[in-house]
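Trainee: What follows is the residue order along each chain.
Protein chains: 4
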Amino acid sequence: MIKVGIVGGSGYTGGELLRLLSLHPGAEAVCITSRKLEGKSVGDVHTHLRAVSSLNFESPSPAEVAERCDIVFTAVPHGTAMDWVPELLDAGAKVVDLSADYRLPLEVFEKTYGMKHRAFREAVFGMPELHPEVRGADFVANPGCYPTAASLSVAPLVGAGFAERVVFDSKSGISGAGIAPSQTSHYPNMAENVIAYKLTTHRHRAEINQELSRLSPGVKANFTPHVVPAVRGIFTTAHLLVKDEFVGEIPDKAGIERIYRDFYKDSPFIRLVPTVPSLAAVRGSNFCDIGFEVDGSGDRIVIVSAIDNLVKGASGQAIQNMNLMMGTAETEGLWFPGGGP
Amino acid sequence: MIKVGIVGGSGYTGGELLRLLSLHPGAEAVCITSRKLEGKSVGDVHTHLRAVSSLNFESPSPAEVAERCDIVFTAVPHGTAMDWVPELLDAGAKVVDLSADYRLPLEVFEKTYGMKHRAFREAVFGMPELHPEVRGADFVANPGCYPTAASLSVAPLVGAGFAERVVFDSKSGISGAGIAPSQTSHYPNMAENVIAYKLTTHRHRAEINQELSRLSPGVKANFTPHVVPAVRGIFTTAHLLVKDEFVGEIPDKAGIERIYRDFYKDSPFIRLVPTVPSLAAVRGSNFCDIGFEVDGSGDRIVIVSAIDNLVKGASGQAIQNMNLMMGTAETEGLWFPGGGP
Amino acid sequence: MIKVGIVGGSGYTGGELLRLLSLHPGAEAVCITSRKLEGKSVGDVHTHLRAVSSLNFESPSPAEVAERCDIVFTAVPHGTAMDWVPELLDAGAKVVDLSADYRLPLEVFEKTYGMKHRAFREAVFGMPELHPEVRGADFVANPGCYPTAASLSVAPLVGAGFAERVVFDSKSGISGAGIAPSQTSHYPNMAENVIAYKLTTHRHRAEINQELSRLSPGVKANFTPHVVPAVRGIFTTAHLLVKDEFVGEIPDKAGIERIYRDFYKDSPFIRLVPTVPSLAAVRGSNFCDIGFEVDGSGDRIVIVSAIDNLVKGASGQAIQNMNLMMGTAETEGLWFPGGGP
Amino acid sequence: MIKVGIVGGSGYTGGELLRLLSLHPGAEAVCITSRKLEGKSVGDVHTHLRAVSSLNFESPSPAEVAERCDIVFTAVPHGTAMDWVPELLDAGAKVVDLSADYRLPLEVFEKTYGMKHRAFREAVFGMPELHPEVRGADFVANPGCYPTAASLSVAPLVGAGFAERVVFDSKSGISGAGIAPSQTSHYPNMAENVIAYKLTTHRHRAEINQELSRLSPGVKANFTPHVVPAVRGIFTTAHLLVKDEFVGEIPDKAGIERIYRDFYKDSPFIRLVPTVPSLAAVRGSNFCDIGFEVDGSGDRIVIVSAIDNLVKGASGQAIQNMNLMMGTAETEGLWFPGGGP
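Protein chains in written order, with full-length UniProt numbering: chain F, 1 to 341; chain A, 1 to 341; chain R, 1 to 341; chain C, 1 to 341.
The following block holds chain F by itself, in its conformation from the complex:
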């Protein structure tokens, strides 16, 4: 039984890790930390976990956590994870960091997040479909929710070299903004509404650029995020503009489907769907559903993907990474359907 620690368990990501671990036959949460909730029971805070989890929040040191756990998830805000990760690693624990602190090269991180990094380490970028080196790794940086959805949607076609530019128009559920109430998450502002923000400047651009450039140096990536009236889920519409040289020369629907099936043949959580995916079909699950259509003009392919932002976009992908790091089957404890309807 893998012993798991969760550092920073007051938010949605921590609660979701506990929910998913409760479904995992080979791993067990043994420790969850939160300074402000110390002593409270998990079930009084994450009320859906009442009776299922008997843990209480604690406030131990990194060394204590590392001693009690085989692997630790750091689910604290960016800028705080760096205060935990090196000590945890040095004390011998494996670590999956769910913050942004270790997803980008040092300089890119510092520029994107506008802060000095106090404790940089190299991490494996934890998107197993694009990074097989997750297997057996000791330290993994879990990707952002938008970059996961965006990168997976187009990786096969970008890898095939067809793309001049991809315009990602992303629609997220509001849980991505966290557990704390805000003007945006105020029900009268969010219900029946669409909210666009950081139209051209969202920080997740850096991760998307990083992943797409690896697959096809020089490809342009644009990214505009929106929030729609949904708690969970990211629906990504990727408008892939074809390089001039390939206009009218790209494969037909069946050909593109082959490219996807081949690219993702060892990726059990990718489901290619015959029409268009839907948030409802992935809600609560670790699947990433993908569909597409080729514009009759031959110069644009529209790819749409759906994930649950808290699962494949965060805690589920973290468990998937854990499985691979610990030598367990990739789908262990994660092979269940979404909750739809």
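FYI, nobody ran anything at the bench for these hints, they're computed from the structure.
The hints are all genuine.
Copies of the same chain look alike in the list, so a pair counts if it works inside one copy or between any two.
Restricting the straight-line Cα-Cα distance to at most 20 Å, the calculated cross-link-like pairs of lysine to aspartate or glutamate (DMTMM-like) are:
1. K253 - D295
2. K198 - D299
3. K220 - E245
4. K198 - E110
Given the coordinates of chain F, assemble chains A, R and C onto it according to the supplied hints.
Mentor: Positioned in the frame of chain F, the structure of chains A, R and C alone reads:
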């Protein structure tokens, strides 16, 4: 043209007063106050009013407001209205107070709200369907949203003396909780949920008791409020339990319908509907829709009513009161349908 | 491994049975029937099950189903289950019927549903918390969603003899109305709305009466259902009116809590919560959360309960019944938290 | 008083025309037709109009309608309007057609809609901001909802010649799909979901191309529609890709704002907002709110617009056209704010 002032314009009630006044041919908002928004334009705060309202928030004294206005709406929290109302009245303005400060007799107010009243005055209770004395009044206390919906739903039958007890099970949109974000109004907590609160102790009980007791001394009234995933609206389910002496002796459907039509024959905003009312049909309007069904047991009548909590439950009823206080037609500027769908 | 058949798998109940069985370590769906979907894959119909379920819809005879399965869930409409159940039982399969055909005594069924019963059998009423005889039974009638939520909320207090009358005001998600689109389920009609229906005449009254009368003969039960903007869940507000002899004599909060804890001490899926329950906390799970408050008047107790109508109100309770009928642990495959947020 | 007829009043567009006309001081609905609803009162069908409208549905001939009305709105499906429009015009009525039958040149219509046109006439394209020739016209084709939102969002910049291509990613409320229930509009399918459809082939492309090509011949326009959990509204995200020759040479934020203000200086319903627009701020109103941001790369401008699809996207724009056709002030009866929150 009636000159209108709004004291406390930063919240939903203030914004709604401006929206409704923009549709009123005989009245005009000339002043809106907010200490914290002083100098800001209305359209930057209540963005739906951009271009329609050219007012800026101001921070004048009560006397200044009274001088510039024929009638003033005080839309500040309970406990604050009492700092404005006496001065406004003494300076010659008519006043509709939308807070709870003047809805109850002095002792009842102090007990219910747990505070000393610093400036009590007698007010007319501003529910025109039950209080014709609103016409020509100088000072009106606008009722709470729940009491409006509850009282109107059963007044004819309680007045007829059939009721031993009424159990009000009320379902409100979340805008009733105001413009400030909270745990309850956080979209992930409110969407797809039902939240019950103050199961037996909500302060609006006092107003409901007051109105029902006037119609039938000794009738018991119970009240349990809920919030449902809706911005606007209160749907009230009134379970009227028949006095023993009337069990099996109450009128049939047609007879009860006659009682309602007779009771509300001079009340243009009450619509008796053939089946059940719906929040969608009243949203944005000043109507109160009412339907009912008699239990085959003969000992219970279920009456359901729908209002928009921000209109008939607050700002619309305030305008209706203004019309009557100023001698204008009751429906002036309010005779428009809800926005449904 | 228990071999499970599902008769009538095109609707929400059938899909939910498959979802829950995919999480069950000791049972496996081996057959799912639907005449109109014959030959289609489950994943093309219930898209969240894509890749997880490899079944196709079939159209076998009852005898064929019984031969391949240890236990069969009949998830067809009332009036149709009676065409399946006797043959399945006679062929040696255990049966959980999710329709209304076997929940009531013959005469009550025929009167309530306005039809002749063509093939009556005696069944155990499948609410394990109130019917321990489910253990080892061969044929169980799975209760309706509203009656499950209503009965569980008040059984301890009704059983204690305090109740003169209970007014159940129930708020359901729209999935209870099924998978077929209708005027009620049309998004513009349902969103931001509350819909009351069959204010005094819903058929589920009969089941509620049956259960409450067993606990306290002569108790009056009233029931008014509503639909609120939610896919899943039933939130029940039970207004329990105390018998005259007990007014002012009922136990205090701690005392009532003891009554509940004692009554449900062997019922793992009942969670007594310190404040009020929430649909979000039970969504997707088999839990029934219960909270309450005693009216200061001493003559009313308000109890509120939350279940997922598709799980504890249908398919989850069916699996719970299966576990008990087959001699498995009651919580096997069902001991997971809801999906909240 | 302008006498108005509505042909085809059973749907959302017809109901909305009645709602808006009830707010118009200079026009009055005198006739509403529906074959299937003949004899029913408007208030029994569009329940929000109960008491406000006293019309009944009728089934008169085109000539009868034309005789009783100064102007007629045809709100019937495409393919049916062509059976009404020529007779209405020939009988002397002015006509605003809300269907697609007269928005496109004959050949483009027949190709796009896959049908022969049985009665073609030339119409003015009824988007007053781009077509001043609406003023005084006798026959106007009211634009589609998506094309209205899309064209208005980028017209000034496309007109300025900066655009190589515009990728429109549009998010609509479900009321655009009409009043009849469907799988898509089924609440469990729509709530908390995002649905993309016709990723590259929606018919409204033709109108968008028509309008953008008039402003800048050769500009490429892509269009992908989505439905989000909202009843009303279209939120359009326009990714404008700058021509190579202008990369890095486009005006700054203030410059682009000047271009918009100049272009729309005579368009009262266009509101340029300082940040991003919101469906909530335009809901129920005829406004089109627009905001934008320039990508730091200098090769993309993201423009976002919000309209109410049933108002500015249909019935409100129809009234705006009526005002101009009849010589009334453009804003008459339409100068009111949206309902937000």
